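A.B. asks: The whole structure should be built from the sequences, with the hints applied where relevant.
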Amino acid sequence: MKNHVIKLLAAVGFLAALPTLAAERPNILLIITDDQGYADVGYHGFDDNVKTPNLDALANEGVQFTSGYVAHPFCGPSRTALMTGRYPHKLGAEFNLPVDGSTVGIDTNEMFVSKALQQAGYHTGAIGKWHLGEEKPYQPNSRGFDEFYGFLGGGHKYFPQEYEAQYNKAKASGVKRFNDYIVPLVRNREEVKESEYLTDAFTREAVSFIDRASNNDQKPFFLYLAYNAPHVPLEAKEDDLAVFSHIEDKKRRTYLAMVYAVDRGIAQIVDTLKSTGQFENTLIVFVSDNGGKRKWGGVNLPLQEGKGSAREGGHRVPMFFHWPEGLKGKVKYDAPVSTLDYYPTFLALADSEAPKDKVLDGKNILPHVEANTSARPGESLFIMRHRKGAHDVSIRRDDFKAVLTTTTGGWKLFNVADDIAESKDLSKKYPQLLADMVKDAGHWAWSNKPPRWFHIHREGDEWRSADMPRYGETFKVN
Numbered sequence: 003m004k005n006h007v008i009k010l011l012a013a014v015g016f017l018a019a020l021p022t023l024a025a026e027r028p029n030i031l032l033i034i035t036d037d038q039g040y041a042d043v044g045y046h047g048f049d050d051n052v053k054t055p056n057l058d059a060l061a062n063e064g065v066q067f068t069s070g071y072v073a074h075p076f077c078g079p080s081r082t083a084l085m086t087g088r089y090p091h092k093l094g095a096e097f098n099l100p101v102d103g104s105t106v107g108i109d110t111n112e113m114f115v116s117k118a119l120q121q122a123g124y125h126t127g128a129i130g131k132w133h134l135g136e137e138k139p140y141q142p143n144s145r146g147f148d149e150f151y152g153f154l155g156g157g158h159k160y161f162p163q164e165y166e167a168q169y170n171k172a173k174a175s176g177v178k179r180f181n182d183y184i185v186p187l188v189r190n191r192e193e194v195k196e197s198e199y200l201t202d203a204f205t206r207e208a209v210s211f212i213d214r215a216s217n218n219d220q221k222p223f224f225l226y227l228a229y230n231a232p233h234v235p236l237e238a239k240e241d242d243l244a245v246f247s248h249i250e251d252k253k254r255r256t257y258l259a260m261v262y263a264v265d266r267g268i269a270q271i272v273d274t275l276k277s278t279g280q281f282e283n284t285l286i287v288f289v290s291d292n293g294g295k296r297k298w299g300g301v302n303l304p305l306q307e308g309k310g311s312a313r314e315g316g317h318r319v320p321m322f323f324h325w326p327e328g329l330k331g332k333v334k335y336d337a338p339v340s341t342l343d344y345y346p347t348f349l350a351l352a353d354s355e356a357p358k359d360k361v362l363d364g365k366n367i368l369p370h371v372e373a374n375t376s377a378r379p380g381e382s383l384f385i386m387r388h389r390k391g392a393h394d395v396s397i398r399r400d401d402f403k404a405v406l407t408t409t410t411g412g413w414k415l416f417n418v419a420d421d422i423a424e425s426k427d428l429s430k431k432y433p434q435l436l437a438d439m440v441k442d443a444g445h446w447a448w449s450n451k452p453p454r455w456f457h458i459h460r461e462g463d464e465w466r467s468a469d470m471p472r473y474g475e476t477f478k479v480n
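In case it helps, the working numbering puts the sequence shown at residues 3 to 480.
FYI, nobody ran anything at the bench for these hints, they're computed from the structure.
Note that the structure is predicted; figures quoted are calculated from it, not measured.
Careful, some of the hints might be misleading.
Here are the simulated DSS-like cross-link-like pairs (lysine-lysine), alpha carbons at most 25 Å apart as the crow flies [unchecked claim]: (1) K92 to K431; (2) K195 to K252; (3) K451 to K117.
Beta-carbon label-pair distances, calculated as ranges [what the hints assert, rightly or not]: (4) G279 to K330: 17 to 27 Å; (5) G279 to K441: 48 to 58 Å; (6) G103 to E464: 19 to 29 Å; (7) A373 to G279: 46 to 56 Å; (8) E198 to K297: 26 to 36 Å.
Beta carbons are placed, not taken as given, at the ideal position from N, Cα and C, and that holds for glycine.
C.D. replies: Here it is as structure tokens:
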């Protein structure tokens, strides 16, 4: 990779004569969708009705992470991990932010990857859904993004003519705290009037950002493109719905049309990267923030369960890297990868390092992808979410996964490299391995911070009335 060339030239004293080489650091385009299921990309091949030809082309020419995981099985905590490189539990952020205009957000002492890349000389932009804090100290422009266009809350309606009318009616009636789904979008810190279907609007803004970035020879870019599709409300354009008119289930039909709209946008973005000469040296990362919401049209086959679950369907997601100039393509990488790994990996691409006091829970996976070796042999990845008076927990170590939920009837063990559907319990065959993995998770959990907030009041009431976290019960193997 050209980063290695830069370091070599610097070592022998030639870098000063070639200042333009600094621009050879790759652009980084991180595309995240919202509640897109494991089966809801064409390249996984589990549903012929899925139409994502542009994502499929990138995935098939890039590196597919067959064991790609997020660090939490639902929205806000998953995004927290991606931006901070830390498990959200270490920051007291394991719940979504409070609904409808919260005044809290992710600890400002935690440097986001955007800030680290900004300090390393990247031009940074965020487009779409934020969900990491709505007050000024927590907004994108305060967390290392030069540009922001989108909404700050956890979700949004898609058709401006509908949400604008609802917002104006509420405002006229004297409402002060508005539902996140109907508030105006913002550009940086100023409200704007949008006219396009939201998915198309976010694509438009991404194309504009990339086009403008091509005029800056001295700075590579980092663009965080966070589509809120296919998250509810299920709202799609008529032209997109027509593509799936043969599907009887209305929810599934609308959901797939929303995914299709994202894929249409990917085509425009790739065309822009190519026309501006940036395609070859842009790392395109694609990932869903968690598994698909099954009751709203998402499909996670052949995985168990979906969004919110510690089973594979909750946190094993579509994920790939595409970078023609830096990574060998047409590769399937089977070792476990987490979105926790993005922070150190992106900094390595930027020839930069995190501040000395910055704790990171992930790994730089690039050398391991190139060598086809695991970045964490013998080490565990953890998932944990609150379930009233209990926790659901997942532990992935090498080929094995230990899992406990309120429905598993105790700890189970699966070889998810061979048994992706978690169908054959191996806990009796490997009891010592299971006990060791559970002990590992217990050790990890005891350094977690108490939740700083709860999404709704009921969750906080349940946490307190059940005297949570009760780890002694969670991490006990019968």
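A.B. asks: Of all the hints numbered above, which does this structure not satisfy? Sort the numbers upward.
C.D. replies: Numbers 1, 2, 7, in rising order.
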